Structure formats: C-alpha cells, structure tokens
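Start from the sequences, fold in the hints, and give me the full structure.
Going down the list, the sequences are from chains A and B. Per our numbering, residue 1 is the first one in the first sequence, and the count goes up by one each step. Per our numbering, residue 1 is the first one in the second sequence, and the count goes up by one each step.
Keep in mind that the hints were calculated from the coordinates and are not lab data. Given the structure is predicted, the values throughout are model-derived calculations rather than measurements. Be aware that a few hints might be false.
As the list claims (entries may be wrong) - Stretch-level coverage of chain A by chain B, calculated; a stretch enters the list once three of its residues show a Cβ under 8 Å from a Cβ in chain B: (1) 95 to 102; (2) 181 to 190; (3) 197 to 206.
As the list claims (entries may be wrong) - Pairwise CB distance ranges (calculated): (4) B/Thr331 with A/Gly27: 25 to 35 Å; (5) A/Asp112 with B/Ala72: 34 to 44 Å; (6) A/Gly35 with B/Ala169: 20 to 30 Å; (7) B/Ala72 with A/His206: 14 to 24 Å; (8) B/Ser166 with A/His206: 35 to 45 Å; (9) B/Cys321 with A/Ser86: 29 to 39 Å; (10) B/Ala13 with A/Ala92: 51 to 61 Å; (11) B/Gly24 with A/Tyr155: 26 to 36 Å; (12) A/Gly27 with B/Gln19: 40 to 50 Å; (13) B/Ala200 with A/Val188: 37 to 47 Å; (14) A/Tyr155 with B/Ala72: 29 to 39 Å; (15) A/Pro97 with B/Arg29: 35 to 45 Å; (16) A/His102 with B/Ala72: 53 to 63 Å; (17) A/Leu202 with B/Arg29: 39 to 49 Å.
Cβ atoms here follow ideal geometry from the backbone N, Cα and C, with glycine treated the same way.
What follows is each chain in one-letter form.
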Amino acid sequence: MIMSARGDGAAERVLAALRRRGAHLVGADEPAGGGTPVLWWDNGDYPGRSRVTATFTGGERRLVLDTGTLSVDLSRITAVWRSRPSGPQAAAAVTDPSHRAHAGLQAEVMLDGVWSLLDARWLPGRRADELRAHNKVFHLARAIELGFTVPDTTYTNDPAALADAYEAADGRLVAKQIASDRFQVDGVQHRAYTTVVTRRHLTSRHRVRHEPIVLQPYVPKAVELRVIVVGERVLAAEIDASGSRAARDDWRHYDNDRVRYAPHALPADVARRCARLVADVGLTYAALDFIVTPGGEYVFLELNSNGAWGFVELWAGLPVSDAIADWLMDELTDGRVNKLADERMDELTDGRVNKLADGGEQ
Amino acid sequence: MTDLAETLASGAALLRSLQRRRSGVADARRAADAWAARHRDANARLVVDRRPGSPVVDYDLLLDHPDGGTIALSAPPEDGVPWLIDHSTHWAAGHLVSVDGVHVSVPQALTMLRSLSGRDASPYQEIVDQCLLAAAGDDGEPVGAADLQATADEFRRGRGLRDRASTLAWMAAAGMSGEQFEAYIEGIARRRRFRREKEAELAQGHLAAAPGDFARVRAVWVTGAEKVVAGDVAELFGALGSVGGPGSIGEPGAVGDVVVTVGVRWESDLPEALRGAPPGRVVGPEQAPGGGFLTGAVLSRTPAVADAETLEAAGRAAFACWLAERRAAATIEWHWS
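Here is the structure:
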C-alpha cells in the first residue's frame, strides 16, 4: 500500500518503478497475468470518504478498508509506504471545528490500532516511529552514541544561553528550529530557516524564553549532503550552495541555478553508520543531512524521518524511487541500485564544462 | 538620577515605544527627532536596521557620551514574539515569482533574462513560460552529450561567441562559473528537448483539427498610409508602381512607408483580412493592424498536406496553444514586495 495524498509526485515515481517490476495499481490497471497489486490510498480519505472496520468475532478478526469503490482485506497487505499521507479528515458535512477535531482524533487512534495488527513491513515506519525518530534531541543523541561527528549543540529556551553559545562559537553561531511548522507574521506566511546569529540577534535574547531553539557553531562546509537510506541502501547527494547567496546557509532556499547537485561517494564506514542509525531509531527510511568540511570531515546535522528525496533523484540522478520500489517488493538482492548510482556518478563527473566552452562545432 | 541615566532611561522608553515595522519608520523618525530636540546635548540619531525579507525593523539610538565617545542604545521590547519567529523571513524572500508552486529567485530570473527570445511577449510572460517549460521538462532524464553540445553551440552562435576565449570572457562577465554555465545550458537543452518532443506529439492532431490553417497561400498585399484601390489583381499590381509618391522624409519603417509583400505563407500567418479570401478577389483597403491601410489578394491556395514542413509548422502552433493553456491555468504569484 502506498499511503499518500493524490498528486504526490514522489508516489507517482515509485508507482512507475513498481510497475516496471510488474506491479499494478488496484482499481486502475488490472493485469491479465497477475503481478503484485498496489493500493494507493490516502488516510485523508478517512473517515470522510472511506470506511475502516475491525471485527473480532468467534476468535477471528477481520480488518477491512472500503474506499467506496474497493473493498480491501487489510490483512493481505505486505508492505506499507507512508509517503505523504494527509492525515484523517472528517467529512465535509461535519462542520463544527471541535467535532472535526474529535472525529480526526478518533480516526487517527483507530488507524494506529489497525495498522499495529498488520503483518506488514513499513517504510519509513509507523506514525509513532516516524515522530519519535524525527525528534532532533532524540536522534542527535543516538548519532553521538554511534560515533558520528556532530557540532556542539544546545537545545534551550534559556535566554542566557544565547550569548554563551555565541561566545563559545567565536561569534560563528547558527540557530534552528526544533521542529518545522507553519506560522505567520503580520498575516503572511514566514519561514524560520537556519539563521546565522549576529550581535543584533543577541539584543532580543529575552524572546528565547518563549520557545526552545537549537544552537550550533557554524560548521564550515565544502559541500552539504543529503543521504537517503532505504533499508540497507545508502544513496548520497552533495549540494554545493557556495555559489548562492540565498542558499549558502540553508539549501532549502532551492536557488537551483546557483546550487550544484551531484551524486556523492560516501566513505564506506560513514555509509554503514548511516544505515545503522536509521535502523537504530526504528525506521527503514530516512533522509540524513551532513556537512562535509573543507578538511573532509563528515559532520552529522539531523535526520528527517520522512525527508524529501525527489530533488535527489531529479537533480543528482540517484535512483531513489527504484530503491524504494525494490524495498517494497523485497528485491534488494541484486545490487542493481548501487550499480545504477555508480554509473550515473561517472556520467555526471566527466568534466563536460570545458567541452561546452570549447564548442563542438569547430 | 544623573542626567546621563535619565537620558538613557528616556531613550530606552522612546525605543520601546516605536513601531518595529517598515511602515512605521517615518513615524519613528518623527518621534526620535522630537526626542532629540528635548535632549540636544545627546546629539541623538536614530538608526533604522531594515531586515531583508521581513517587515520587521530594528532601531538603535546613537548618543554622545558626556565624557566623549558614543553610546549605542538598543531596547527591543517584550512583545511575546518568540525569538525564531521574530527573526524569520517571508516564505518567498528573495523570490521574484512563483508559478504553480515553483519559485523563481531573483538571481534565477536575471539568468533567465539572458535567454529571453525577444519575441512579441513581455519579459514577465516569458519568465512565466520558462517556469512552465522548466517544470514540464524536468523529467529527470539526463540530457545527452550531443544535445548539450548542440544547445551550447546555438547559444554561443546567438551571442557571437566564436571561440573558447570569448565564451570564457562572456561567462566571466555574467559571473558564471563553469559548473553554473553547464547547469544553465543543461536547463536550456532540457526545455528545447521538451519543446521538440511536445511539438512532435501534438503536430498531427493539431493539423487534423485545423487543416485550413496550414494551407499554403501565395498572396500579395500592400500596406501604407495611402489607400490603394483596385478592382482586380491586375489593377492591384498596376497600382503598386504609383503608390508612395513624392512626400516628406520619414523614419525607416514609418507607417507612411509603402510596404509591398508578395510571398507564400501558411494561411494562419496571413494578415487577418486575407485569411480565407478566395483567390483573385481584391481585399481592402482596410485598416492595417499596425496603422495605415492594407489592400491585397490571395493569388493561389494549396490545401494542407501532412509533409514534414507542414507538420513542423503545426507542431509549433500546437505548442503555442498548449503553452497558452498552461499559462492561463497556472497559479502565478509575483513577489514584488
């Protein structure tokens, strides 16, 4: 089962990869000769449009999902990929906000219970696993225990800690939020990107008491990495934002003309540690962020338990959708993904620039 | 309380009272000027720090110390806004436009300006079109070396960059590194590939739906300030010798100039007045779209056939329609402020 909102581009890519492996989408492209059935369902359809029923009678249990067009015996599901599920939504007819919230909570708890009974493999994990692993305080501690290099880090809402951290970092300090969330300033959506702390920021230290923040010394970077772990597979993309003023301190500004994306060959021990960390925090998938310093040190920043990978595939050419499809179909034994990644890396690093400047027409 | 302590306390009170928004800066300056007039010895000066990508501003008050030197006073109030939120930026800070959720940064837009076609469209429309094409063509398939080289060659030819030295000089002038140039060319190559494939995909259908647009039409028409009147084609040709007689000197291409065109066009590319006109019948004089008058006639018309040239033209027209539909359906948000 792909659990995701309709229109999710990542799910489309993985579905295409599954189809290349002989799978078919239930209710859309039923094959003549069998093949693995794939159900694409969004928990946002529940309880508004779908019905889920769990019955325990005579010592037997039945778990049934009725989407309105399909009736699915949930016990037959072998693997679940939580890509971008919307989260339970009450029917439009339920208009009172408190009633909608109540219905949403009942539905969430119901689904958590039903999912707990499935004998299925989960990617990245069940909702509770994702939430726990995504917590920066939790996974940073595990990363340290596994021997990753991490920046000195303070999580705090103590105003006094701001200037202390600033001085400890010799005035090269960054601040981040502990969890991303939406908020507005003057009625307009704002974002809290990684903030390079200046002396000006210290003058409003009293505001720190209102919510915790993450403080770390600014780590000099040769490149940043987004490492995608799918089961035992580890695919790394480097992000060189040094040419972009907008994205230099936080590549999520996506200034693509000035940011270079490319495959990155991780040292074997770092790759092994990445896979181990993801398994250790209870997941089968995660996107890990690193900085590679000019001295070649791999500094772990954070783990995103359902972190984006589309740009890694599109712009760095790494076959993440194939890796996910392989994992979901349990076909990870032929080394095909690593080979594809290696070939793509060779192709992308062959010094084409000089040839383009020289011209092929002369 | 000493004078200095009183001045500092009063200055802090002033700073805490100022509205920390760009829209409040003028009022803040007036309040600071009034305060400075009451504390002339301090030689006070309000300094406004406008944060990029945020409506929030910071204020400092510079004061002379009685014993010499400067005091810089900052006094952000406790207004209950958490620190990270106070230092956040607008979600589209540094972006010029968002098209269907794809954001274009100001540097990206400036890069796009280098490759605008100059066709009959505003730069705004072309930037939007490039976004739509970039999103549609971003299929993850690598661009082949030959395609990349052909794109680079065409790009260089278009700018008179005949050798490596001139290309590198152009890159230096544009502030592009080798890798950025490669990425830039790859983006153009990707859009070209998408366009080529889309045109090929749509050509047959477009031709079948509108074969009349792709008839080959031989026609003659004359435009100018003077009305040319003719009863038939022979008269029209006869009249051409006498139009544009002695008169005042005009700028090149001025409406007053007489322009005679004899050529073969696709039906849809003819001046509107001639489209669909039966061969041999004189049309006009009619108001010409660019000013002045048009008189002309279709000489012959060959119905459309699905040959390579016609399919190319149908593909181009179909693509223009496809792009116009995407543009009309797109969610476009400009971030001018």
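Each hint tested on the structure:
1. 95 to 102: That given contact is violated, which follows from only 0 residues of the segment 95 to 102 of chain A lying within Cβ reach (below 8 Å) of chain B.
2. 181 to 190: Answer holds; 6 residues pass the 8 Å Cβ test.
3. 197 to 206: holds (count 6)
4. B/Thr331 with A/Gly27: 25 to 35 Å: Because 30 Å falls inside the window, the suggested range holds.
5. A/Asp112 with B/Ala72: 34 to 44 Å: With Cβ atoms ~55 Å apart, the hint is violated.
6. A/Gly35 with B/Ala169: 20 to 30 Å: 57 Å, violated
7. B/Ala72 with A/His206: 14 to 24 Å: 18 Å, holds
8. B/Ser166 with A/His206: 35 to 45 Å: 58 Å, violated
9. B/Cys321 with A/Ser86: 29 to 39 Å: 35 Å, holds
10. B/Ala13 with A/Ala92: 51 to 61 Å: At roughly 53 Å between Cβ atoms, A/Ala92 and B/Ala13 fall inside 51 to 61 Å, so the hint holds.
11. B/Gly24 with A/Tyr155: 26 to 36 Å: 34 Å, holds
12. A/Gly27 with B/Gln19: 40 to 50 Å: For B/Gln19 against A/Gly27, whose Cβ atoms are near 58 Å apart, the range 40 to 50 Å is violated.
13. B/Ala200 with A/Val188: 37 to 47 Å: 44 Å, holds
14. A/Tyr155 with B/Ala72: 29 to 39 Å: 31 Å, holds
15. A/Pro97 with B/Arg29: 35 to 45 Å: With a Cβ separation near 44 Å, A/Pro97 and B/Arg29 satisfy 35 to 45 Å, so the hint holds.
16. A/His102 with B/Ala72: 53 to 63 Å: Since the Cβ atoms of A/His102 and B/Ala72 sit about 54 Å apart, the hinted range of 53 to 63 Å holds.
17. A/Leu202 with B/Arg29: 39 to 49 Å: 25 Å, violated
Of the numbered hints given earlier, the model fails hints 1, 5, 6, 8, 12 and 17; all others are met.
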